[in-house]
Amino acid sequence: MTSRPAADERIDQILTMIMEMAAGNHGIRVAPSDRDDDVDAIMTGLNMLCEELVENIQHLKTAQENLLQSQKMAAVGQLIAGMAHEINNPLGVILGFAQGLERRVPEGDVLHLPVTSIVREAWRCKNLVQELLVFSRTGKKTNEKIELNSLVRSSVVLLETRAKLQGVRLVQSLCNDLPLLNANKTQLQQVLVNLGTNALDAMADGGTLTLRTQRNIDGTVILEVADTGTGVPEDLRSRIFEPFFTTKEIGKGTGLGLSLVWEIVQQHGGVIDVESEAGTGTTVRIQLPIT
Amino acid sequence: MSTPPKEVLNIRSGTIFLEDGILRVVVDTGGKLDLADARANIAAAAYLAGSRKVPVLVDMANIRTMSREARSYIGGEDAARFTSAVALLVGSPVSKVVGNFFLGLNRTPFPARLFTSESEAVSWLKGFLK
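Protein chains in written order, with the numbering used here: chain A, 591 to 881; chain B, 1125 to 1254.
Certain hints may be false.
A short, non-exhaustive set of chain B residues, derived as facing chain A with CB atoms under 8 Å [to be verified]:
#1 1172
#2 1197
#3 1200
#4 1216
#5 1217
#6 1220
#7 1221
#8 1227
#9 1229
#10 1231
Quick caveat, the hints were computed from the structure, so don't treat them as lab data. In this text the structure is predicted, and so the values were computed from the model without any measurement. Note that the Cβ used here is the ideal one computed from N, Cα and C, for glycine as well.
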């Protein structure tokens, strides 16, 4: 029996690869020989094209997911904006009269407890409505040149009292040569505080909360908030950015924290990504463009 | 007469040296460039270039493959800090494919061209000498 010429074997590999790719298997690669001839050049080109294809498919999938999420958020945002405005006015009246009563009803009066309860709960509603309004606001915000590291440091100050109470170690791993970001300071602070608060919620029995900044090879800036908490079960991961979705007990979370984070990151032209494992922890990674 | 290179840096995927104001990168036979190689190359090249921008001649005639990440890094901002222009010297069919991928899929922040002749590449790069 005569053995086949080596070039034929490589062409067989190329044909197999083409057929596999046509069938949807994009993980297949060919192995060029050491001859560095035209067939090897075709094989190298195919491998590189395949790498591009895989990367582009991944980008497309992410873009589709983001588009779907944007559509959902836009619809929910419109509904929320309308409702929040309707609720806000009567709520203002309730709160105003309740506060007036609170000042007139002395401690020890049988009405004192009910009136203070009305004021407290009305404030809770007011704050919730405020969060809803922030969430639904889609107008352009004022951006300025900001230094992400100093924003991280000031957010840590807001988180450290609670972290100490829960026995959570706060770690800052900040890149020294970060470029300035053109961003809305208040909104990014909110992103950091929301993510930090979520992380602390997941570490009731202590752990480590790491806030990390990095400079990406493509010139973008990375912000990571990582905890060693309870993690998010796999079946719930795709829903965590949905408005009103929460895994917390009733009354403890509005389910708007991560939706707001998502919305703000989108408004800044960034990308958000979550890695989580139940029982191990969660890392939220935000990639932000400089301009 | 050309000045002999003062310092030749050996890197994982080849050698780098400065000659007559042109930074030369020679990729060794069997060169398979991944992101770690690309980072090492750029760091060594930045060291030799110092604080100025220099034209770069990459002899990639012997390259076998280059990963997507490596391509993106070499054509990115870190390289742009010290690169005024890049000439890619290709020879073998494989190196031509790799070179064309680099030029076709990367928008480099500096002028970049493919050459099969070293003298033509050097002559083009001399136009970027300051």
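So, going through the hints one by one against the coordinates:
1. 1172: violated, 21 Å
2. 1197: holds, 5 Å
3. 1200: holds, 6 Å
4. 1216: This interface hint holds because 4 Å falls under the 8 Å limit.
5. 1217: Residue 1217 (chain B) check passes; min Cβ-Cβ to chain A is 3 Å, inside 8 Å.
6. 1220: holds, 7 Å
7. 1221: With a closest approach of 4 Å, the residue 1221 (chain B) hint holds.
8. 1227: violated, 13 Å
9. 1229: Holds - the Cβ of residue 1229 (chain B) comes within 8 Å of chain A, reaching about 7 Å at its closest.
10. 1231: Cβ of residue 1231 (chain B) sits 11 Å from chain A, so the hint is violated.
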